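> The lines below spell out each chain.
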Amino acid sequence: MMPFAEIVREALSSQAAAKQRTILALIGIVIGIGSVIALVTVGQMVQLTSLQQFQQMGTNIITVQRGWGDKGGGNAKQQGPSQHMTWGDAEDLKANVSGLEMVAPYTSTWGQPLYTDRPLDMPVMGVTRSFADINKLEVLKGRFISDLDGYSFFGVLGAGAAQKLAKLGVADPVGKTVFFKKRGFKIVGVLKRTAEGGMRPYEINPGMMIPVRTSYLFKRERNVNEIMARLAPNADRHLVIKAVKRYFKQRHPGMLTQVRSAEQLIAEMAKQSQLFTLLLGAIGSISLLVGGIGVMNVMLVAVTERRKEIGIRRALGAEQIDIQAQFLVESVILCLAGGLIGIALGVGAAYVLSKVNGWIFFVSGWGLALGVGVSSAIGVFFGYFPARQASRLNPILALRDE
Amino acid sequence: MILVMNIIELKGITKTYHIGDMAVDVLKGVDLSVETGELLAIMGESGGGKSTLMNIIGFLDSPSGGAYHFEDQDASHLTDNQLAHIRNQKIGFVFQQFNLLPRLSALDNVSLPLVYRGVERSQRTEIASEMLKRVGMADRMTHRPPELSGGQQQRVAIARALSGKPTIILADEPTGALDSQVSQEIMEIFLKLNQDQKITTVMVTHDPKVGQQCRRTVRMSDGRLAEV
Ligand SMILES: Nc1ncnc2c1ncn2[C@@H]1O[C@H](COP(=O)(O)OP(=O)(O)OP(=O)(O)O)[C@@H](O)[C@H]1O
Ligand SMILES: [Mg+2]
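Those protein sequence lines, which keep their order, are chains Y and V. Heads up, the first sequence stops at 409 in our numbering, and the numbers go up one at a time, no gaps. Heads up, the second sequence stops at 1032 in our numbering, and the numbers go up one at a time, no gaps.
Hints are computed from structural coordinates only; laboratory data are not their basis. Take the hints with a grain of salt, since some may be wrong.
[To be verified] Simulated crosslink set (DSS-like; lysine-lysine; CA at most 30 Å straight-line):
| hint | chain 1 | residue 1 | chain 2 | residue 2 |
| --- | --- | --- | --- | --- |
| 1 | Y | Lys183 | Y | Lys362 |
| 2 | Y | Lys226 | Y | Lys252 |
| 3 | V | Lys1013 | Y | Lys101 |
| 4 | Y | Lys171 | Y | Lys193 |
| 5 | Y | Lys199 | Y | Lys171 |
| 6 | V | Lys832 | V | Lys894 |
| 7 | Y | Lys188 | V | Lys937 |
| 8 | V | Lys1013 | V | Lys894 |
| 9 | V | Lys832 | Y | Lys315 |
| 10 | Y | Lys315 | V | Lys969 |
| 11 | V | Lys894 | V | Lys996 |
| 12 | Y | Lys189 | Y | Lys252 |
[As the list claims (entries may be wrong)] What the simulated footprint calls covered on chain V by chain Y, stretch by stretch (three residues with Cβ under 8 Å from a Cβ of chain Y suffice, anywhere in the stretch; the number is not a length):
| hint | region |
| --- | --- |
| 13 | 859-867 |
| 14 | 916-926 |
| 15 | 968-979 |
Just so you know, these numbers come straight off a predicted model, no measurement behind them. Backbone N, C-alpha and C define an ideal beta-carbon position, used for all residues, glycine too.
Isolated chain V (complex conformation) (with noise of 0.2 Å):
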């Protein structure tokens, strides 16, 4: 096996968005290092771009400049499909709508990402059940979402984002949804996660309870980094 040191390399990320003749500078030269076995905080202001960096730093979007490394890898120039590969293999997402497939059973939901990787069914299910449980919901496997709880979603979602074994989980606001008390409980999984399976997580948050129990945390503000 090989070490990675720095999971993610970013150095002067920009993105900019054109709505019409207008250019948005959302991203305005972002660095960040992010290494293994990490628990990094993003917090700032509302509308700052944590999620668009959030988007670049999980595939789903490309930056307008700037150069990032995934697992000492040139991340620039994929093809759709690679893109959607580094995904599915890679990175875990969790988000703040939580975002289940509301026809799909908890089992099944936490099982599609292995099925885009043609894993077999009853593997599937055998992988899914252990993720469930690891997260606190063996009893409401076979439960749609609309008949789960926020938190109980938000764990299914979680457990989802664990199944595919992916190098890091990328969080953006999972307890924005969750009131203070729920907010902790989803937060404790994810320290718990981190801690005895030293899953790299990154995760961005607007509350400071949460950003505390992080043990790094950066600040976006202008279109840039800071460490807090």
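In isolation and in its complexed conformation, chain Y is listed as follows (with noise of 0.2 Å):
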């Protein structure tokens, strides 16, 4: 028999001759493939970013805010702008519901800060110092909101503000004035980067946060926009969580109030790459299965389009094995290509989602390993056949083709 690096080389060449029919069929060994690895990596970064999350804040946090529709009865309008978490909700709610050892209410609000008369596109928080506590923040340099900074005008910038900050050429941005609704605001501090996703504001990493009696200067209404809360060592969640509920039916009784805590942002999470699991699973699937029939289809056109010269190398003492290794690891070549490529717009794709999401990057060998596996398992599943074709042609016949 033949030498494999023989076979492999003799596969190469025929394959620098590709035909446009094999970039066709290539497509959907990309997508397919593209789509499993995006599937697993997906997989794999929630996880770890989940985990990562946890691991730093604890699980035994709440967030609190404002449920969206109405359990039927009444309107936004009657609702009326009273239909907020506020302020004075936030201050009371450690002495009404027991179990919560600290709350960190904040609030959002809208505008363009500036720098000089650039516009820096991040979001602004009113904080307190409770807030840097619950989410576990890092301060790299300054310091953080202190409830002694009352109504003054600083400001702490987390890392990804402090990066488009130096981009515009401020290496250190303490002690340097933001303006923001008109009025300069003092960076005071800078955070560290902190691990997205979870229970953690999204806005942390590129947002400013500004002392939350501040923000209320722009504000008509005393609103937060969510309260987060940690649970006092032994306390029992579930009876948290109903506790905080009644409290705020209490409060505002049209209003719906959604209580979320670490548990059950891990199994939505854990529901969500199901269901990307379950999508991108199907479309790989079926990819795969269009891909692999494509490719067989080529290579059964390969067969036939070559019988002269499968005639000739049976001549020249080639074994059957050779002939089907031949056209085999042939098969397997076009699929790895195709896969390859799906694994570059597969990680590419996984690359996108986790910097939409907040995720952690992370691509693992085994992913990888499993993109090269089921491609090259593709090249043998339908190469086989095609393959077993080419290799009992009968050599006479097959050398009589014109």
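Build the complex: two chains, separate frames, hints provided.
Structural data, given as structure tokens:
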């Protein structure tokens, strides 16, 4: 039998003569492998991100938000502006619900912060000292917002926000002034990058944090966007959540309150990634099937077109297994080429998804190996029949072909 | 080394093709002996079964009946792999239509029988270039078949047949696709190989001029061979 290296060399040289048909067949493989890789990578990224986030923050955190929609009866107008969680709600929460150790409400303020006259496109949040404690924020330089800051015009930048300023040539933003709502905010601190996702508000890295009281200077209502809270060490999570809901029902009878716990979030994330798995898995397997059939077709045509070649090789002493190996290797190389492109696209898609969703970008060698393995397997599976057909051609009839 | 007198011994070889219900007897009992170092021409009318016989001699096809001894060994009941092995080691084919692989260079075409023998690359290249020199194609080694004339392609094909150092060369109308002048050049290569290197050659031809140059000629008619 012919040495393996020779078979591969021959196969590569005949692939160089690839036709349009071949490229079309590869698209299926590319999409299929791409989806599988994106699927595996996304799953791993979500897992890693939530793991890191929960490792840092702990799982004894709940968030309270106003829910959307209403429970039938009452419309938005009737609910009026008071149907929001307010600063007062947050202040009284700890005293009214037992089992809460710390409460951190925060606000979001619309507007465009400027450095000199350059727009910074960063979200601005009003926060308290406890916001840093609950979110386990670490200060890189300077300090965080203090509860003694009162109505002062101080700002603390997230890591992404600091990076934005660095691009504008500000190496050290501490002490510099960012303008927001026509007021100058003196930057007093810069944060280290935090793992995004999970319970943490997404605005931390890209945003600027200012004292919550200051943020109310720009608002008509003293509303809060969300209340984060940490449970006391021995508190029963379910009882606390119930109590929080009851508390808000009393204060805002028509308002839906959404209380989320880390546990719930983990379940939600699992559900989300399951949906991804299902969707991409479906796309992946259909594309791989279509691609595989395409490759099989390409190989069958190749066998027909190259009957003469097969006859010549057989006359010169090729065994059936040589011919079979030759076509099988060609099919595998074809699928591997598609697979490699698919891997690149899948990793690219996973990268984009990670940026959009704030997941930690991470590609495992295991996932790549899976992609290479699956594409080779498809090559073997769908190449087997054409290759066998090639090897079983009668050499004389094959030689007579013109 | 064992001295083999008759490389090929055919006794009562028959070949019947079945097309639907019809049986066509192409070979009706062929007897033939080919000695070492012989240059034999097989002539005869078109459709008489010459190519069929060549394929049987070359282990590409098997006879329906009769006895075939190759180098004094019974050549019936061989497996497909054994047949491939014998073709690779013992037979050098030259075809009317040259049958080179168009994607490969002359050198790689000539190397091909050695690839299936597992000879390593550097050694293959050495042997193949030596064979190409022998047929006067030293300056065309990297050319591909479409870049060569018919005569040049047939020289490459002869080099390929020689590269495996076969026991016998089987040439089925090797000059059939060439004009008379080029035909004669190719014929001279065969004659020279046979005279200088004692390479046993069996050649099918329609061309009486080619046939005359062979030391022995047999004629195929009605499925049988007769000495001329
Ligand atoms: N596979 C086959 N099935 C059926 N009949 C066949 C087959 N191969 C050859 N024949 C028949 O056998 C006969 C001999 O064919 P063959 O090719 O051996 O003739 P030939 O003497 O080489 O002719 P030519 O000089 O034209 O090349 C022809 O009648 C042909 O139709
Ligand atoms: Mg013929």
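> It remains to establish, for every hint, whether it holds in the given structure.
Against the structure, the hints:
For the hint linking Lys183(Y) to Lys362(Y), the alpha-carbon distance of about 29 Å falls within 30 Å, and the restraint holds. With a C-alpha separation of about 26 Å, the suggested pairing of Lys226(Y) with Lys252(Y) holds against the 30 Å cut-off. The hinted pair formed by Lys1013(V) and Lys101(Y) fails the criterion: a straight-line CA distance of about 115 Å is larger than 30 Å. Proximity of Lys171(Y) to Lys193(Y) is assessed by CA-CA distance (about 16 Å); at most 30 Å being required, the pair is judged to hold.
Between the alpha carbons of Lys199(Y) and Lys171(Y) the distance comes to roughly 14 Å, so the proposed pair stays at or under 30 Å and holds. Straight-line distance between C-alpha atoms of Lys832(V) and Lys894(V) comes to about 26 Å, which keeps the hinted pair within the 30 Å bound. Simply put, Lys188(Y) and Lys937(V) have alpha-carbon atoms about 89 Å apart, too far for the 30 Å limit, and the pair is violated. A threshold of 30 Å between alpha carbons decides the hint, and for Lys1013(V) with Lys894(V) the separation of about 28 Å falls inside it, so the pair holds.
The hinted pair formed by Lys832(V) and Lys315(Y) meets the criterion: a straight-line CA distance of about 29 Å does not exceed 30 Å. As the CA atoms of Lys315(Y) and Lys969(V) are separated by approximately 24 Å, the hinted pair is consistent with the 30 Å bound. With a C-alpha separation of about 20 Å, the suggested pairing of Lys894(V) with Lys996(V) holds against the 30 Å cut-off. Taking the CA atoms of Lys189(Y) and Lys252(Y), the gap is about 39 Å. The hint is violated against a cut of 30 Å.
A count of 4 residues in the region 859-867 of chain V with a Cβ less than 8 Å from any Cβ of chain Y is obtained; the coverage claim is therefore met, three being the minimum. Check result for the region 916-926 of chain V against chain Y: holds, 6 residues qualifying (beta carbon to beta carbon below 8 Å, three or more required). Residue count for the region 968-979 of chain V with a Cβ under 8 Å from a Cβ of chain Y: 1. That is fewer than the three needed, and the coverage hint is violated.
Comparing the model with each earlier hint shows violations of hints 3, 7, 12 and 15; every other hint is respected.
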